[in-house]
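S.K.: Please put together the full structure from these sequences, using the hints given.
Chains A and B, in that order, give the protein sequences. Note that my numbering has the first sequence beginning at 1, numbered continuously upward. Note that my numbering has the second sequence beginning at 1001, numbered continuously upward.
To be clear, the hints were calculated from the coordinates, so they are not data collected in a lab. Hints should not be assumed to be uniformly reliable.
Stated by the list, open to error - Going by beta-carbon spacing under 8 Å, a handful of chain A positions derived as facing chain B:
(1) Arg4
(2) Gly26
(3) Arg322
(4) Trp325
Since the structure is predicted, the reported quantities are computational estimates derived from the model, not experimental observations. Ideal Cβ placement from N, Cα and C applies to all residues, glycine included.
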Amino acid sequence: MILRRVLIANRGEIAVRVMRTCRRLGIETVLAVSAADADSVPARLADKTIEITSYLDVDAVMEAATAAGADAVHPGYGFLSENPRLARACEAAGVVFIGPSADVLEAAGDKLAARAHAVAAGLPVLPGGLVRIGATGADGAPGAADAAGLAERIGYPVLVKAAGGGGGRGLRVVRDPAELAGAVAVGSAEAEAAFGDARVYLERYVFPARHVEVQVLGDGENVIHLGDRDCSVQRRYQKLIEEAPAPRLGETLRVGMRTAAVALGLHLKYQGLGTVEFLADAGRSEFWFLEVNARIQVEHPVTEAVTGLDLVAEQIAVAEGRRLWLSQASVRLDGHAIECRINAEDPAAGFRPCPGTVTSAVFPAGPGIRVDTHIQAGSAVPPQYDSLLAKLIVSGASRAEALGRMRGALARCEIGGVATTLPALTALAADGEFAAGGVGTEYLARWLGRETQLVRDKSG
Amino acid sequence: MAEVQLVDVSLRDGNQSLWGATGLRTDHILQIAPVLNRVGFRALDFMSSTAMGVAVRTHREDPWERIRLTRAAMPDTPLQLIGTGFRFISWERAHPEVMQLVYERLVAAGISRFVLLDPMHDMDAVRRSARMVKRAGGTETILALTYTISAVHDDDFYAGIAAAAATSPYIDRAYIKDPAGLLTPERARTLIPAVRARLGGKPLELHAHCTIGLSPLVYLAAPDLGVSVLQTGCGALADGSSLPDAERVVANLRALGHTVDVDDRLLALAARYFSRLAAAEGLPSGRPQPYDEAFTRHQLAGGVLTTLRRQLSELGLEAKFGAVIEEVSRVRAELGYPIMVTPFPQMVMGQALSNVLSGGRYEVVPDQVIRYVLGSFGKPTAPVEPWVLDRILDRPRARELAGEPPPLSVAELRQRLPRGISDEELLLRFGMPAEEVDAMLAAAPAARHYTPEVQPVLRLLRELGSRPPVSRLVVDKPGFRLSLTRDRADA
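M.R.: In structure tokens:
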């Protein structure tokens, strides 16, 4: 079928991004907007808007889709993007959900189920398992084990993770067996509050490691990969800088991860765009499955830069029921791309979110520079939403060229009215360790500590 | 009331009729391809071997890549190629093996519908070509019944061709192709039923240029006469010497009670895109044409007339314009009424020009005319005037050309061309001078995105970048002042 009108159930830069592709394809866009976003740039760019109470309300989104006469819903990332209930509601209403099937969303959303699928598909996973909690509730889950015994078998340090979670919430590192019970209790309570699912599981904590992910695209039958990305520059599991391809990985590891991601995609009969996340130990050439993100990612533009593809268009093509037009052999990966997340957060104050009003916004343009944003002078940054203001994506024939462009482009970004991560990004771009490439997930915290110390030394 | 489908010709015939075949580049096409894909056209007139040559020569773009990328961007609408079946890019006759390879590569790249246009209506040749297309995997073949006014091209003539097509399992449908826009509604009322009656139930399409403003009216009569598909243009690439404007045709057909299942919003989007592109690139927009009785005699398309006028004025011979036009009608009759479609307008015009400008008639005869008389393009529809035939063949050059070696087979081509090249490159090198193919291969890949409104700014930036650095740049107009000063640190 050919999609003619799409409801975009999201906000911010991803709403603008989806609209841009829809416009190119000749698809009408109807944007679901909250009252706080009624005057936003995306609201003005959409062909039509329809107000909803919350981006997290499945029924509100479905009502909007029906009222708008939309033949599909694009959920973007975050919010309801991986919510199987929305996918099922769409199916029941005869509306196309632009994303994987509800079954796949369920499998990917439940971290333990995803882990089981990964094992079935032959992917390496970290030693771990489900924790038995108390005498009621989640303990009924099959295979649940006593936390202390499980942790002993895994070996310390261990990571406590929420089975129904994501985005870093409910995660806890435990190095001392004495802290395990407390960490499990707090993690479980946090998971219950955030995801309505108290189940937690333990996994070996690998440190230092790199966060490398593989972009996959499937039509339900054929699955291909579109290369890898490195997202190791993160703080409390929030990514700040991503790049493609992952630098200094080694061919064995790279090929291994890409092959594993495709194997999992095939196992899941994956339909649409997805990301398979891995932890990698580049030194020992080992990697382990982390999770599947069954949606478009914030960092998808770095993959677009090195493949020359429009990933939103590929999502839509699959949603229209088409077979993949690309074969693995026809995917060409050229050059290097880096994405910087410019957030309304104050790096000098522990990355505290800084909502407010943007008074000026100037972005660079030029060869190898792309900016995905929804803000301009006068834009509101509401406190209730994610603080992402813009993504600066630079690309070049080599990582060195991309890095050079990143430094020049960051210097030309000017955002006034709210504190942003720009100073941190600029300093990171000048850091020798980052420039060398291949840093681990511990890097940013270490770098921040060093920077803070430096500031203290100077002011002292 | 009938259900009518549309075939859009903007990208091929529109571009050829109004923009000299050179207006559209790959990025222009790819930008609008996804929209065209969703309009609901039955097919798109997309390519010809001539257009493939122009892509290489004028734009240094790989035409095979253009087909592949467009196919990927518009998977639902079949892409059509129009060809004579005996040549590829160059005017020389190609070996049947070469033509078979051409069809195979075209199908592999994404062409599925093939128009078979034999300018002589040589049905044996058309059947052979149709078979080759099917063997190559082409899904639809469509025979061109090229309309013209002459002593021999009456309704019975076209009905006879239709009958020949009816019995061929390799020909799927036919269309009446009126390249000069000569068909009137009156003639359509006898011609279309005559053709339909003998076509054996195969669908009939209509393709009539707007040259003298007749075709939009013919299109309104056609559905009731049994035409199921009308070929139209979009926005700036409709009207003029192109085909009727799709938006107007749709509105008129619906007003008459017919059904046309296209997405009006997307059709308007496509039309506006071509108009925006025309404005950004300084290309002319097609406009509705006034009726011109004289045209029905010389039948020369606008482009040919413009070229003639320019050539004559360069020679200081503008006064001869009327005489040359008169001579065109005479030469055409003497040569057996070749239909005025490529390459014949150029050929007839060339002969008429030399007849008027040199010492006497047929004193000087271009090679194309000799080849035509020798039958290189097939058998002329009516016999060539005997005295003209003698005069043309009784010259050394005619004997030379008659003794030309037969066209090279694929194996012979492979021996002569660089080793290890792809079939696509082989075919380009067969049809074009090596240096043009080399230059295309050396060029950067074609751009894939195009925004008309940004072009003036990009041109300005390119110009500024290509000049010696200026220290200050000021744009000053009421209510606006932009002043750029060169930064010493960056200098």
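S.K.: If a hint holds in the structure, say so; if it does not, say that too.
M.R.: Status of each hint after checking the structure:
The beta carbon of Arg4 of chain A is positioned within 8 Å of a beta carbon in chain B (closest approach about 7 Å), and the interface hint is therefore held. Nearest Cβ of chain B to the Cβ of Gly26 of chain A: about 4 Å, under the 8 Å cut. The hint holds. Checking Arg322 of chain A against chain B by beta carbon gives a least distance of about 6 Å; that is within 8 Å, so the hint holds. Proximity of Trp325 of chain A to chain B holds as hinted, the smallest CB-CB distance being about 5 Å (cut-off 8 Å).
Checked against the numbered hints listed earlier, the structure breaks none of them; every hint is satisfied.
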